[in-house]
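**Student:** Sequence:
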Amino acid sequence: MANVKNNSSALETKRKLIQAAGQIIGQVGLEAATIQQITRKAGTSLAAVNYHFTDKFNLYNAVVQEAYEFIIETFRRIQSIQIEGTPAQRLEHFIRSFFAIIMEQERPTWHCDILARDLQFPNEAANQQLQELTVAINDTLGKIVSDIAQTTLSEEQMIYIRSSIIGQCLYYVDHSEFHDRLHPELPPVCQRHDDIIKHISRFSLAAIRGMFHEQI
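Residue numbers (our numbering): 127 to 342.
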């Protein structure tokens with residue numbers, strides 16, 4: 127007998143619950159989110175939650191799993207399209223790829239909201255996924271940073287540099303509206319992606335070279 131939970135209708139209901147829960151929990155947090163809010167947004171019922179997930183916490187585990195899988199896959203895509211070239215070229219390519227993938231129109235914003243909340247309030251459901259994400263980011267960007275520095279970096283130095291580069295990217299991705307209000311004299315961020323990417327690349331490259339007195 128076919129598994130009813132795996133038919134197309136049941137899978138669609140499950141998907142709607144995960145999407146709705148991700149959006150609501152991403153906004154207000156796990157404790158504040160209610161099953162009633164989630165089922166109302168998903169257009170489903172409490173029975174559907176019980177059937178697919180048993181309770182809110184198992185639903186949250188599924189939300190975290192999907193969010194981390196999506197974000198890990200995003201960084202693996204960035205890894206997979208790395209190019210041959212100088213460290214400077216590879217750095218700009220990494221940043222350009224980061225922007226292109228993170229800012230895809232179909233990207234549900236709740237994935238990053240869940241990640242941000244989970245980093246602030248760690249949950250055991252995400253430990254393995256977080257480790258995988260960390261490895262994906264560190265391997266890709268860390269190799270580029272090492273090639274630019276051309277010297278052995280301490281773990282602390284590497285963390286600061288990687289975080290600085292990613293932080294600059296996320297500022298323009300997640301806080302573009304704030305930036306636009308802060309600097310009305312400039313065109314909107316959405317019209318300046320290429321200039322911003324080149325700025326982050328040049329700024330980070332100069333900073334790394336300056337830190338280690340290396341001219342490549």
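Some hints here could point you the wrong way.
[Said to hold, decoys possible] Derived DSSO-like pairs (lysine-lysine); straight-line CA-CA distance at most 30 Å: (1) Lys182 - Lys142; (2) Lys167 - Lys182; (3) Lys324 - Lys269; (4) Lys167 - Lys142.
[Claimed, not checked] Okay, the calculated beta carbon distance ranges per label pair: (5) Thr212 - Leu172: 35 to 41 Å; (6) Ser134 - His301: 34 to 40 Å; (7) Asn133 - Val154: 52 to 58 Å; (8) Arg307 - Met229: 31 to 37 Å; (9) Glu195 - Ser290: 22 to 28 Å.
Treat the hints as calculated values from the structure; they're not laboratory data. Keep in mind that this is a model prediction, so the values were computed, not measured. We put the beta carbon where it would ideally sit given N, CA and C, even for glycine.
**Student:** All hints, please: hold or fail.
**Tutor:** Right, here's what the structure says about each hint:
1. Lys182 - Lys142: holds, 14 Å
2. Lys167 - Lys182: Measuring from Cα to Cα gives roughly 15 Å; hence the hint holds.
3. Lys324 - Lys269: Distance of about 20 Å is within 30 Å: holds.
4. Lys167 - Lys142: holds, 9 Å
5. Thr212 - Leu172: 35 to 41 Å: violated, 58 Å
6. Ser134 - His301: 34 to 40 Å: 39 Å Cβ-Cβ, so the 34 to 40 Å window holds.
7. Asn133 - Val154: 52 to 58 Å: violated, 32 Å
8. Arg307 - Met229: 31 to 37 Å: Roughly 19 Å apart at Cβ, these two residues miss the hinted range, so it is violated.
9. Glu195 - Ser290: 22 to 28 Å: Holds, since Glu195 and Ser290 (Cβ atoms, about 27 Å apart) stay within the stated range.
Taken one by one, the earlier hints fail for this structure at numbers 5, 7 and 8, listed in ascending order.
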